[in-house]
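Q: For reference, the chains in residue letters:
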Amino acid sequence: MRVGPHGFHCIKKTVRVGVTCGQARASYCRGFMLIKKTKEIPYSEITPKSAYLNRRTFMTGAAALGVAGLLQPRPSLADAAKLPTVKSPLSTSGLTPTSYKDITSYNNFYEFGVEKDNPAKNAGKMKTRPWKVTVDGLVKQKKTVSIEELLSFKPIEERVYRHRCVEAWSMVIPWAGYSLSELINWAEPLPKAKYVQFLTLEDASVMPGLREINLNWPYSEGLRMDEAMHPLTLLTFGLYGEVLPNQDGAPVRVVIPWKYGFKSAKSIVKIHFTADQPSTAWNDMAPREYGFYSNVNPNVDHPRWSQKSERRIGAPIFSQRQPTLMFNGYGDQVASLYNGMDLKKYF
Amino acid sequence: MNKRSIVALKVVVWLVCFTPLALLVYRGFSNDLGPDPTATVTHATGFTTLRLLVISLAITPLRRLSPRLAWLVRFRRLLGLFAFFYGCLHLLTWLWLYSGFSVAAMADDIGKRRYVMAGMAAWLLLVPLAATSTNWSIRKLGGKRWQALHRLAYVSAICGVIHYWWIVKSGVRTPITITLVLAVLLLARIVWSVRQKVSRQAGVVTAS
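So the protein sequences, as listed, match chains V and L.
The first sequence begins at 2 in my numbering and counts up by one.
The second sequence begins at 5 in my numbering and counts up by one.
Because the hints were derived from the structure by calculation, they are not lab data.
Some clues are possibly wrong.
Here are a few chain L residues that sit away from chain V, every Cβ distance over 12 Å (derived from the structure) [unchecked claim]:
1) L19
2) P132
3) Q151
Just so you have them, the derived chain L footprint on chain V, three or more residues with Cβ under 8 Å [stated by the list, open to error]:
4) 104–115
5) 124–137
6) 286–293
7) 307–314
8) 318–329
Every residue gets a Cβ at the ideal spot worked out from N, C-alpha and C, and that includes glycine.
My request is simple: use the sequences and hints to build the entire structure.
A: Written as structure tokens, this is what we have:
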């Protein structure tokens, strides 16, 4: 699969060349037709290649424009693979991203242990190539797609999102991916499919947490179809313009920025369409504490702690605390999904 | 153990007990409290409180293993007071970093959250113990009553462990180690007191 040196203006070709498996081919072409109709990225909108190759210069420019804090040392820059991105109007502006170091060393990924630094230490053994994602359940036809196909399916956009953990800490993360709706359209779910379930890899040989932690493995998460189709819901392959480090859910995860972080399943191997609300790991474990919806909501406390405010990761100790925003600040885009719903009941 | 060794050992215990605080202060000044400094300070002070409390509670059962370990009791008050000291620091993180000294926020937290209640109970139970930790208090209260009062240390530690279980996510089992250690110590106490009772009764029978 070739992602040309000229970026994504040659995306059409890349997609067609990239499809190898016969069954996927037809669907891909169908999917592709649909994409072609909906949007084509004009070359002018593509972020210049120099921005990726010389990010530091780019960021100096950004800092000069008042985006302070972007200019932070990123030690693993050298060993992570680049993932060129295009700009997106769905990216949240005016935020200072959390440092690459904090985003990649402070993780909740219980398959690799409960402590925040466990995933960065233990996730390296997980093999992310080859990687396949199965799409099944209430779909026209069960399909399996490789990570290479997914990566070249649509232009990868940079989406800066707020990230709010249910544990009352938060980050700002420049994710890289495209809207999950693109993949769902390609998957052709049947009309009776009302929910999507995501399943994470379950491999005890590389995941010590599977034995240590009492959750229903494999980790599962789910969304209502309209939530999954919302353009903000991101099928994510990278962060900071590089492929995801394993501890952040490599090689592919979802990101739902208006929900608590645990809703955003990592290292996905299966996407399953269902008619009924699917079982989800934390909701199974403690339904009173972790609702199926789990929208960020400062007015609905976790039974054991307040959700009114949050601690910004990487901030100095006495300025960490800040108020939590309804729907994590994405209310304008997503509040209508929940019209008429009692958010205290459907927390 | 001679007096000199006791003094030397006390110096060591003081240094060891101050180490967690010294580390936090050092890391604070070198801007190295990790991605979530509030959590780092909260967890460090909480862990230290619970560990010191459990260590102080281990002294009596250990001492009973052999008469040669009798000197251990001379460290119990020191460890207990250090546990209280770290408990105060832990409480301060909640008052300051979580509640911003807002009485309303604190009242809300205490009323709604059982882990806060358990933690608060654990700290409150230590207050009378710290207040009556002097030799003068022991004399004033009388040995028996003082001893009975200071058994509250066990109740405090139990509250502390419950506090720990209630704050971790369901399914997380990190508090298991400290829980088991405390359980063993409690069990040792129970076994000891049952054996005492039996031997006392046996003594009565033989005498009559």
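Q: Confirm or reject: P132(L) is not an interface residue toward chain V, with every Cβ-Cβ distance exceeding 12 Å.
A: Given that every Cβ of chain V is farther than 12 Å from that of P132(L), nearest at about 28 Å, it holds.
Q: Beyond 12 Å from chain V, beta-carbon-wise, is Q151(L)?
A: Nearest chain V Cβ is 36 Å from Q151(L), so the label holds.
Q: Check, residue by residue, whether the segment 307–314 of chain V contains three or more positions whose beta-carbon lies closer than 8 Å to a beta-carbon of chain L, and give the verdict.
A: holds (count 3)
Q: Would you say the segment 318–329 of chain V counts as covered by chain L, given the rule of at least 3 residues with C-beta under 8 Å?
A: holds (count 4)
Q: Would you say the segment 286–293 of chain V counts as covered by chain L, given the rule of at least 3 residues with C-beta under 8 Å?
A: Satisfied; 3 residues make the cut.
Q: Decide, holds or violated, for the assertion that all CB atoms of chain V are farther than 12 Å from the CB of L19(L).
A: Given a closest Cβ separation of 25 Å, the condition holds.
Q: Report holds or violated for chain L covering the segment 124–137 of chain V, Cβ cut-off 8 Å, minimum 3 residues.
A: Violated: only 0 residues of the segment 124–137 of chain V have a Cβ under 8 Å from chain L.
Q: Counting residues of the segment 104–115 of chain V with a beta carbon closer than 8 Å to any beta carbon of chain L, are there 3 or more?
A: holds (count 3)
Of the hints listed earlier, the one the structure fails to meet is number 5.
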